[in-house]
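A.B. asks: Heads up: the sequence lines are chains A and B, in that order. Numbering-wise (full-length UniProt numbering), the first sequence opens with residue 1 and increments by one. Numbering-wise (full-length UniProt numbering), the second sequence opens with residue 1 and increments by one.
You may find that some hints are simply not true.
It does not matter which identical chain is meant; a pair holds if it fits inside one copy or across any two.
With a Cα cut of at most 20 angstroms, we get these calculated SDA-like pairs of lysine to any residue [to be verified]:
no.	residue 1	residue 2
1	Lys39	Leu164
2	Lys211	Lys233
3	Lys264	Gln18
4	Lys263	Gly17
5	Lys233	Asn2
6	Lys375	Gln162
The hints are simulated quantities; they were obtained by calculation from the structure and are not laboratory data.
Number of protein chains: 2
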Amino acid sequence: MNNFIYNIPTKILFGQGQVRNLGKELLPYGNKVLFLYGKNSIKRSGLYDEVVKTLSENGISFVELSGVDPNPRIETVKRGADLCKEHGLEIVLAVGGGSTIDCAKGIALQAKYDGDVWKDFYEDQKYENLKDSLHVASVLTLAATGSEMNGNSVISKLDTNQKLAIGSDKLRPVVSVLDPTYTFTVSKYQTAAGTVDIMSHIFEQYFSPDKGAYLQSRMMESLLKTVIHFGPKAYENPEDYEARANLMWASSLGLNGLLSCGKKNTDWATHMIEHELSAKYDITHGVGLGILTPYWMEYVLSPENVHRFVDYGKAVWKIPGTDSMDIARKSIEMTREFFINLGIPERLREIDIDDSKFEEMAEGATCRGPLGIMKKLEKKDVLEILKMAL
Amino acid sequence: MNNFIYNIPTKILFGQGQVRNLGKELLPYGNKVLFLYGKNSIKRSGLYDEVVKTLSENGISFVELSGVDPNPRIETVKRGADLCKEHGLEIVLAVGGGSTIDCAKGIALQAKYDGDVWKDFYEDQKYENLKDSLHVASVLTLAATGSEMNGNSVISKLDTNQKLAIGSDKLRPVVSVLDPTYTFTVSKYQTAAGTVDIMSHIFEQYFSPDKGAYLQSRMMESLLKTVIHFGPKAYENPEDYEARANLMWASSLGLNGLLSCGKKNTDWATHMIEHELSAKYDITHGVGLGILTPYWMEYVLSPENVHRFVDYGKAVWKIPGTDSMDIARKSIEMTREFFINLGIPERLREIDIDDSKFEEMAEGATCRGPLGIMKKLEKKDVLEILKMAL
């Protein structure tokens with residue numbers, strides 16, 4: 001097990017009705033809030049009113065910013081930061097899914113930063129400049145990205161077709177409300193995409209050729225089993241509280257840092273390739289991941305790392321037998337079938353993506369160097385995976 | 001899944017050499033420390049000097065209090081609190097195992113409390129009085145209790161033969177150093193006892209008749225598998241870093257609150273009975289648990305809760321078959337065998353405990369009402385379990 005720092009101070013208020021406790025939990029951090037959300041669905045569902053109520057009851061004033069996009073834009077970050085500066089706001093409260101929370105982190109950063117956060121952080125990763133930010137809090141309405149409990153933020157810049165990520169402990173939300181009933185209205189399509197996204201986050205941390213971090217691997221298998229058990233249940237019966245609750249808590253635990261603590265290395269190649277896809281085509285992140293993942297698995301599988309697939313196949317899919325390569329291939333096939341059964345397309349062409357930008361995407365994905373750790377992927381490898389997925 | 005609050009802000013510095021970062025991590029909380037430890041073994045091992053070095057390098061002054069006992073006494077708590085008041089100390093730094101850390105929490109509480117913490121908290125659980133305490137930090141030298149990451153404290157009062165526990169988020173250490181190499185010198189006996197203690201904490205949370213909290217159950221199984229995999233390795237080869245590291249991190253995750261978040265109820269009967277044993281006979285906690293646990297399992301097993309034992313037997317011990325009661329009984333037998341192979345006695349008589357205080361202990365364990373949730377244990381039930389274990 002490698003040395004690590006574990007530091008996950010986000011306070012989680014989990015369960016039905018917890019939003020009523022949000023206001024008093026925010027008070028230690030300030031009483032002027034930027035209330036950030038996406039579409040008006042939170043008004044229809046009544047969540048908007050519940051948030052306003054808990055803020056008002058605790059004497060917290062707020063300025064609203066709505067219209068955050070699914071792949072949130074740097075322009076929204078700038079607009080939010082300007083509002084925070086103009087009104088002297090202290091907390092950015094995101095009410096929505098991962099996109100809204102990611103956007104809130106960008107805003108919290110830009111509001112306390114004189115330079116351009118896009119250039120200095122998202123492009124150049126100059127974390128040494130990250131001295132201060134506003135506090136971030138969230139009310140989660142979609143189980144997928146884990147942004148409610150981690151310091152990651154992915155922002156897009158459409159004019160340059162870029163989608164870039166940052167990550168810092170300083171950007172972790174101080175408080176997040178996780179109420180599974182808010183995800184009852186999530187569509188089948190987005191439920192499937194969220195399920196894939198949660199699994200993909202775990203895959204990215206699980207699949208590495210090193211054999212250490214036994215405890216972490218077993219925990220990841222337990223989370224994968226949970227998501228595989230409940231994903232189809234939530235897909236079939238959107239108001240299954242137990243399914244929604246397990247998916248929601250798995251999404252947070254899957255990417256809050258706990259699983260990778262002590263691991264020598266993690267992969268993240270599939271995410272880097274998918275970011276190119278959704279930057280170019282504005283597709284749903286989880287759908288891109290669902291298409292790419294089985295092809296990535298097939299491409300990287302080798303005698304040197306087959307043991308990870310064997311662990312995965314046996315623990316998660318209960319595949320019997322002793323032939324390692326056979327178990328590995330079956331585990332990939334079962335992963336693909338699971339995604340297909342959730343309505344995830346099998347190939348890029350099914351979502352109208354052709355090979356015209358493959359070169360550009362392979363170039364973009366590897367412009368900071370080769371990707372991943374299961375197999376180091378150069379531009380040609382990324383191109384090959386995209387072609388397999390076509 | 002039940003509603004819950006997740007709030008685990010303890011920062012963990014994990015791995016070899018991390019103690020060198022302790023001083024700077026303490027600075028946000030103060031620069032006057034009570035340096036609390038047990039025996040002089042930390043002087044022989046060099047850990048004492050390392051702690052002094054990191055404190056000195058960061059301008060942190062300290063007052064020492066040594067001689068904390070394995071079942072720490074309320075008298076030590078009082079002495080420590082007096083020292084803190086006298087010298088205006090801000091942080092209680094425990095360097096040792098769970099006993100030392102538990103003692104530090106009592107001290108931190110008493111140092112900021114005008115009344116008698118023994119009476120008001122350990123006896124009467126008046127948590128509404130818990131407004132303030134000093135900060136607690138730790139350097140862990142024994143993987144067992146999880147005290148390094150939770151708000152629990154168990155203290156003994158020898159003149160009345162009492163051993164009582166409290167638990168509050170406010171007593172969680174702010175920083176804990178977990179360096180597996182500090183456990184290389186832990187004896188086989190204490191390694192076995194620690195392994196049992198970690199498993200018992202998970203059992204107490206795992207074994208409940210309700211069928212919810214799927215995710216939590218799978219995570220607990222993953223931790224049990226880890227401890228069962230590495231306990232014997234550490235027992236056989238005390239300097240196996242990977243084994244010591246997995247046990248250490250499992251001990252923290254096993255009782256930091258994560259596993260019980262969302263569970264409807266947990267049991268803790270075995271712990272309550274064992275506290276009576278070690279209060280009366282000053283035995284090692286993990287040894288008492290190791291003797292009692294299989295008998296408790298046999299006593300509580302019923303058609304209503306057999307499904308929990310089936311989950312346990314299949315996931316953790318890979319027991320085949322379809323007869324539930326058969327799988328359950330085999331899982332209990334395998335648990336017993338595992339403990340015996342670690343040198344844990346099978347019966348109380350092997351550690352010179354007879355039935356002379358059984359009545360008194362059964363009375364003491366149930367004086368606040370019946371124990372547990374797998375089966376509600378009255379005084380007569382506790383007596384029966386003690387007799388089975390004789």
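A.B. asks: Could you run down the list of hints and mark each one as holding or not?
C.D. replies: These are the hints, each one checked on the structure:
1. Lys39 x Leu164: Neither way: lysine 39 and leucine 164 sit 23 angstroms apart in one copy and 53 angstroms across, limit 20 angstroms.
2. Lys211 x Lys233: Answer is between: at 16 angstroms across copies they meet the 20 angstroms cutoff, but 33 angstroms inside does not.
3. Lys264 x Gln18: Answer is between: at 17 angstroms across copies they meet the 20 angstroms cutoff, but 37 angstroms inside does not.
4. Lys263 x Gly17: Result: close only across copies, 17 angstroms inter versus 36 angstroms intra.
5. Lys233 x Asn2: Between copies only: 18 angstroms across, 37 angstroms inside.
6. Lys375 x Gln162: neither (25 angstroms within a copy, 59 angstroms between copies)
Violated hints, listed in ascending order, are 1 and 6; each of the other numbered hints is respected by the structure.
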